[in-house]
Amino acid sequence: MRLVLTQEQQALRAAVRDLLTDRAASAQVRAAMESETGTDRDLWTRLGRDLDVLGLVVPEEYGGAGAGHVERAVVQEELGRALAPTPFLGSAVLATDALLALDDEEARRELLPRLVSGELIATVAVAERGAPWGPGATTATASGDGWTLDGTKTPVVAGDLADVLLVVAITPDGPAWFRVDAADVERTTLATLDPTRRLAKVVLRGTPARKLESADPAGALERVADLATVALAAEQLGGLQRVLEMATDYAKVRVQFGRAIGSYQAVKHGLADVHSDWELGLSALRYAAWAADEAPDEVPVASALVATFFGPAYFKAAEACVQYHGGIGYTWEHDAHLYYKRAKSTELLFGAPGRDRARLADRLGV
Amino acid sequence: MRLVLTQEQQALRAAVRDLLTDRAASAQVRAAMESETGTDRDLWTRLGRDLDVLGLVVPEEYGGAGAGHVERAVVQEELGRALAPTPFLGSAVLATDALLALDDEEARRELLPRLVSGELIATVAVAERGAPWGPGATTATASGDGWTLDGTKTPVVAGDLADVLLVVAITPDGPAWFRVDAADVERTTLATLDPTRRLAKVVLRGTPARKLESADPAGALERVADLATVALAAEQLGGLQRVLEMATDYAKVRVQFGRAIGSYQAVKHGLADVHSDWELGLSALRYAAWAADEAPDEVPVASALVATFFGPAYFKAAEACVQYHGGIGYTWEHDAHLYYKRAKSTELLFGAPGRDRARLADRLGV
Amino acid sequence: MTAATTIATGSPPDLDAFREQARAWLREHAPAPSPVTDIEAARAFQAALYDAGFAGITWPQDVGGRGLSTAYQQAFSDEEACYELPTYPFTIGLGMCGPTVNDLGTPEQRTRYLPRLLRGEDIWCQLFSEPGAGSDVASLQTRAVLDGDSWVVDGQKVWTTNAQWADFGALLARTDPDRPKHSGLTMFVVDMHAPGVTVRPLKDMSGRAPFNEIYFDSVRIPADAVIGEVNGGWHAAVTMLGHERVSIGSRRRPKTNPLDFTAITALARRLGVSGEPATRERLAELYVRERVLELFNVRLRQEAAAGIAPGARGSVAKLAGSMLARLAVDTVGEIAGPEIVAWDPDDATGAAVALGINSTPSSSIAGGTNEIQRGIIGDRVLGLPKEPSVDRGVPFRELKVGTQA
Amino acid sequence: MTAATTIATGSPPDLDAFREQARAWLREHAPAPSPVTDIEAARAFQAALYDAGFAGITWPQDVGGRGLSTAYQQAFSDEEACYELPTYPFTIGLGMCGPTVNDLGTPEQRTRYLPRLLRGEDIWCQLFSEPGAGSDVASLQTRAVLDGDSWVVDGQKVWTTNAQWADFGALLARTDPDRPKHSGLTMFVVDMHAPGVTVRPLKDMSGRAPFNEIYFDSVRIPADAVIGEVNGGWHAAVTMLGHERVSIGSRRRPKTNPLDFTAITALARRLGVSGEPATRERLAELYVRERVLELFNVRLRQEAAAGIAPGARGSVAKLAGSMLARLAVDTVGEIAGPEIVAWDPDDATGAAVALGINSTPSSSIAGGTNEIQRGIIGDRVLGLPKEPSVDRGVPFRELKVGTQA
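Protein chains in written order, with the working numbering: chain A, 1 to 366; chain B, 1 to 366; chain C, 1 to 405; chain D, 1 to 405.
Don't read these hints as lab results, they were simulated from the structure.
Treat the hints with care, since some could be wrong.
Said to hold, decoys possible - Capping the alpha-carbon separation at 30 Å, the derived lysine-lysine pairs in DSSO-like fashion look like this:
hint, chain 1, residue 1, chain 2, residue 2
1, D, K203, B, K252
2, B, K252, B, K316
3, D, K400, D, K386
4, C, K386, A, K252
5, A, K316, C, K203
6, A, K252, D, K386
7, D, K203, B, K211
8, C, K203, C, K386
9, D, K400, C, K386
10, D, K203, B, K316
11, C, K386, C, K400
12, A, K252, C, K203
13, D, K386, B, K316
14, A, K316, D, K386
15, D, K400, D, K203
16, A, K252, A, K316
17, D, K203, C, K400
18, C, K386, D, K386
Predicted, not measured: the structure shown is a model, and the values here were computed from it.
Chain A with its partners taken away, still in its complex shape (with noise of 0.2 Å):
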């Protein structure tokens, strides 16, 4: 297993970090975050266009850089620093992987490229209320050459953008994924702890939709959602690294009682907690893309550990974070509330870390 970065690697999330500290500053997350769309487009077709990042697991012949899960890592974790409001977890993660895990060569040929370049958004619905990874109820039912899907899949990432979702529906011989069209769907944007993520409801009624080849429907979807979780753990270190910076530079520089206050133990010994969590997870993290890249069998655990660790741990520094920073972290005009609504969110978006622990328990067999 290789757990440190290669120089190319290194040198990927230098140009990821320039472009953001360019574009996605806290003026510019905040501008995306109140305006309509609630994410920055022209971020997004840099991502694609100049840096080339979104297919970084798509293979060369669908427009992909043939690179792997570690680099794509790297770049969520530059994403999740910055809260870079984009449906880079909806398009080049969820919908990315669904594509490649199912076996329909037509959806690929013909979505893989127009995703890679940033000019098509899609992405995948499946969560439903009570069970975040799963068919749920929605109900496909064929009709004529093609199907029509019913149900209500929320919350769906980048749900408001996508101009593709793949869904998850039951048909009469079980689980299947199906190609909809965002025009066939009503879309509404939801109410988000989080503010710097969109999430959407997606309704399905009687909505035309093409069924994707699958010769195991259910085993995609079991891969789909472990690479999406180790995609989120990558965000959540970016982000958990970028707290216990801010809070350990203002420790710094905060004077209270004529000392600065990252000089006293009760600050100093939390800081070093943050900083433990941030070594030990970010070793996982690495793991995990690894995993992903060349042991798909330690996939499955390495996925539920890193779900574990980071939601708890992520929250915890940005929690730290707003603490350290005292009134002014609380305030709406600095940063640190952001992470903490980010870190709370990321840490229940897929399920909350008991779900976590109980996954990683079946997959260890206890």
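With chain A fixed as given, assemble chains B, C and D onto it according to the hints.
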């Protein structure tokens, strides 16, 4: 509800503390702990004869003081504080409460006065492997005008000291209570995590037994369990206070890097957290003891409340006491480890914290 | 009116009779809950309270109070706990500023300010905290310079509740930077309508704006507006903070908390997970932390009634409350999972839970951070040695304060 | 012997060939695990290691070492990890004392001590900690006074592993109490068989006695036993502690831990509770903490191989290991409950779990407390400002040290 001690109750505490300061100092506790019986018979005699505190919850008609559970909790708090090696929990709590909860007037008249004086030691044998509070697999078979019992009870508090054991077993009509003579059972002193509290395994093989009258044997068991839990919490409270004092006193005098270690926030804030637990726990314990006297309907919840609270709180405090004493606290000759072991052992004696929480949830109707 | 009659006679009413009067009056006059922003309603209600003899129950009679013991105040507080009275805008004035003026003010100041306060004519705010002076209030940098017979104030205050409505503020400013930080402060009454005072709402992380920032730009304050002594402001501040502690302790808690045991249990039931073993354990743990704190507060009240002073133990309650709030955030997350990440815009529960989650950090910051509370417990309750002080006796102008790049 | 032949030629062997030789030699010569107290077996094995060319792999050739790079040492360590070799009595000498003598010793000291160490002829111990000087080693009070041409040592050391067998000790003593605490120390080689040296076993809370207390009563040490400079002992101590960190990092972990994920999972199965949801969550959490630490250690090794120094990050591993041990105590308690409170005297599992629980506190104390580790991370990794120092530059005799009643 009354959560503040009366002057009489405070005077009781002072009297018990005086005796224990004199007769249960560290060297005496260690001598008893290393002795064959693991207990201090002389101290036991003084508690019964001189202080008359073995029958605080026993009505005067049976030779008791006719006081109540608040008073007994005060005594138990002091015993826990000193780690006094006596069979109080077995004889003055479990067996006494069982006799009072059952309806066997003859047994009460015969046994209670002798338990109150300390001349006789009794206990309750209920726990079995995997079942700390239930009849378990011990069976009672009618035999002539009496019964015989078969089964293994473990761990039994004061099981190796008791002259009389009150045993819960299954009869064809359901669970029932029996009185057994210690001479008729096989007893093994168990190896224990806590060297200051002896526990025994009691094997019953066709052991002759007298059935005790009870209108509701299962209800009596519940009541005995709840009251024992409150008594044990009082002991935990006393121990918690003692380790807090030890650690605080040491933190005031131990110097590292030119300053008393208690001036460092890592130590000061840690002790503040322990102190907070003490303040909160004290309030909860007073409430539970008050409920035992005045509000029987509230006892089930109050008992589960203090069990859930004190197990982890006392252990955390005991751990902090070892930690803040540093290497000294890790030695056998320092008393910190006795509290550490007592705390962990008490936390688990009647079932782990998870079970306490589940029991509380049951009683809250969750 | 019965109560007013009692004032006239000067002899203290019977406590039970007083309680009965309060109950009867409140039953008749307590208004339906109104938005906290309806200031005129609040003023009118305060005036009605005054007329009925329930304002300034413990305040001296010479400034319009009843001159009764705290037992009477407690009796009234017990009764009013059943209502949501519109008294919020007056909490700072009646709870903190008024008592301080009463303790330290000149006869003229007492007569000028206190009766108006009781009658609901003036709203007050407290101007201590600054962006650079939070936990360490005495390091504040707002300065007041004597110019002829008035003081000229420049600086910024922050975290000021009620300032958007306030007529007066109790301002702590630095009047001598050559003295050590505690010795060069003075407290003033500042007219919030004076030229140069700017009040701006400050939005917190929950999206609400319960606080304000106040800017002072060459604001002139007359010399007779000093409360207590010039350069004796720290003593005045400590006096006021003592009143604040009492005031916070008796302050009304919100009646509904979306993150308490009852609310989260109901949510778990609605989501169909209340029977899951993990949920049950988590709810039990939340119950324990909530209940022990409640019982601790009961014990403190019983001890107070028995004449045992709470000392610094209010810090235990504050710390435990903050840890409880923190636990509740974890608990609701574990139980509700994705349900509280996103919700239909018209789902009030989702919004309430989110507000709860986003308000929780204030419980460990506002009114003294958890770190400060632990320090108070360690120093004052446990008697542990203090940390070495690096600023004792050093002239303020030589100190590092605020944020040092 | 092949390895010995390689020494003679002086040219470094091929790394893979070396590894293969080590593997073959260990397969043939590694003894069955023996009690740690069998000192003669340990000496014999160390001598065999030396003869085979596997002692002092990185040590200079002039004192009997192989003079190879750390890659060779790592290769050997990887191979020996499969065995439980009886090398424990030599860990302090080979890991810490020897390298320090090599760095700072005179040519005569190097020749006198190092070859004997490699050949298993001498056992060493480290004499730094005192009852009054734990985390703050430099505040030690054992004094050495020059008397003619020898030093006279009085004082007490504690927490000394291996002292019961030791032939020599690396002693840190105060030689000038008028200097600040770090500047008045000197390191000596002390003959543990000298008159006036008393070694007493020290029983720890688990009931074992892995440590000793050492009393020095007018022990005479010749002047040529100073390592480094007189009053330069702190430099020598820091040098030795640097070697200690490396040595601890590469030290063999016990093969079986009664409180690790595997062991507690097996226990849960045996008790029939492994399927309970709460048990499953707890085991998963334990797995996570164990696995992330394991992966962190892998990453540190990979970074070291890539030339990235671990810096102070060993503190992260130590802290995480201690927190993991703490979690395991909770986990086994929750899962086993009363089963681990009392057990049949012949039940080895009960005793092993109890030993695990009772040993856990040492993980957050020995080798630098958790508080010290967090301080190191905060100061050296995060670059946070230091606490104000109250003892810098103060003559030792004016300092408060130890326990002050």
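Do the hints match the structure? See the list:
1. D/K203 with B/K252: With a Cα-Cα distance of about 26 Å, the restraint between D/K203 and B/K252 holds, given a limit of 30 Å.
2. B/K252 with B/K316: holds (20 Å)
3. D/K400 with D/K386: holds (20 Å)
4. C/K386 with A/K252: holds (22 Å)
5. A/K316 with C/K203: The hint holds at about 23 Å.
6. A/K252 with D/K386: holds (10 Å)
7. D/K203 with B/K211: Cα-Cα ~49 Å, so violated.
8. C/K203 with C/K386: violated (36 Å)
9. D/K400 with C/K386: With a Cα-Cα distance of about 16 Å, the restraint between D/K400 and C/K386 holds, given a limit of 30 Å.
10. D/K203 with B/K316: holds (23 Å)
11. C/K386 with C/K400: holds (20 Å)
12. A/K252 with C/K203: Roughly 26 Å separates the two Cα atoms, so the pair holds.
13. D/K386 with B/K316: holds (29 Å)
14. A/K316 with D/K386: Holds: A/K316 and D/K386 sit about 24 Å apart, inside 30 Å.
15. D/K400 with D/K203: holds (28 Å)
16. A/K252 with A/K316: holds (20 Å)
17. D/K203 with C/K400: Violated, at about 50 Å.
18. C/K386 with D/K386: Holds, at roughly 17 Å.
This entry does not satisfy hints 7, 8, 17, going by the numbered hints stated previously.
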